[in-house]
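A.B. asks: Construct the complete structure from the given sequences, taking the supplied hints into account.
2 protein chains.
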Amino acid sequence: MSISFADPTALTHDQLEEGTDFAPRFDAAGLVTVVTVEAGSNDVLMLAHMNAEALALTLQTGVAHYWSRSRGKLWKKGETSGETQQVVELRTDCDQDAIVLVVNQTGRGAACHTGRKSCFYRRASVSGDTATLQDTGLPRLFDPREVYGTPS
Amino acid sequence: MSISFADPTALTHDQLEEGTDFAPRFDAAGLVTVVTVEAGSNDVLMLAHMNAEALALTLQTGVAHYWSRSRGKLWKKGETSGETQQVVELRTDCDQDAIVLVVNQTGRGAACHTGRKSCFYRRASVSGDTATLQDTGLPRLFDPREVYGTPS
Chain S
786 MSISFADPTA LTHDQLEEGT DFAPRFDAAG LVTVVTVEAG SNDVLMLAHM
836 NAEALALTLQ TGVAHYWSRS RGKLWKKGET SGETQQVVEL RTDCDQDAIV
886 LVVNQTGRGA ACHTGRKSCF YRRASVSGDT ATLQDTGLPR LFDPREVYGT
936 PS
Chain W
786 MSISFADPTA LTHDQLEEGT DFAPRFDAAG LVTVVTVEAG SNDVLMLAHM
836 NAEALALTLQ TGVAHYWSRS RGKLWKKGET SGETQQVVEL RTDCDQDAIV
886 LVVNQTGRGA ACHTGRKSCF YRRASVSGDT ATLQDTGLPR LFDPREVYGT
936 PS
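Taken in sequence, the protein lines are chains S and W.
Note that our numbering has the first sequence beginning at 786, numbered continuously upward.
Note that our numbering has the second sequence beginning at 786, numbered continuously upward.
Please keep in mind that the hints were generated in silico from the structure rather than gathered at the bench.
Glycine is no exception: its CB is placed at the ideal position from the N, C-alpha and C atoms.
Between beta-carbon pairs, the in silico distance windows are:
id	chain 1	residue 1	chain 2	residue 2	range
1	S	797	W	797	48 to 54 Å
2	S	865	W	856	40 to 46 Å
3	S	815	W	865	30 to 36 Å
4	W	797	S	824	31 to 37 Å
5	S	912	W	799	20 to 26 Å
6	S	922	W	826	19 to 25 Å
A few chain S positions that, by computed beta-carbon distances, are all more than 12 Å from chain W:
id	residue
7	795
8	836
9	859
10	860
11	891
12	893
C.D. replies: Below, the structure is given as structure tokens:
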């Protein structure tokens, strides 16, 4: 059994924005953007993408699945690292081209392949006409060389 | 004075992921994806995009600027509605193709053009093989017909 979604082009603007049909507006590459946040803290863990299959699998199994653009394939998050994500809630936005996925991060609690809790571990600041990054100090919860066998 | 960014193609993988150079990886359309969250609550308010000019203006002015893909132009958030966003922090992710913008939402506190605090006001659930949406109950803080002069 696979989950089916409504066709956004068959909906009116009002139905798309205020209705109960889930009609994800996949882009030309067949993807929607997903913001994954930690349940409770609301911390943004990562930003990724889903195709229709990954979205359906995520809803069916309650475990986060994405589409890896770099590897060009379906990606069950944590398949290699053990850092799976249990879905608490899945929300879509007004025009249904983006998703917020609220999860409990399992394993060592590291959503990022660098071993940190979140991918967003650097803040930008401006000095003169140059923008630079500063590490916010998120610790590494695993060593990516041990988990992936290659440097992060 | 305009802020300049580093060229990501001139950086090593390690410099991109662990370094202090801010080298946004704009996509083929010249955009990075931006997740805007509310300071304090961490609530995800909206998902949008920035080109280099919007990113530089956001850093320079401390007020959120985006690139409107639907209108094809620079977009100072709140220009029409008054719902501007004061930047508290701007973070980038491991491979520098996404941004988390932490803001104080001004005005009536509505980041979404529908008048709600957040664009993510519907959650998905599955019944049988169909996914549907349920309103999470976020109230409208303004009437979009009054603010924009047209239905939302």
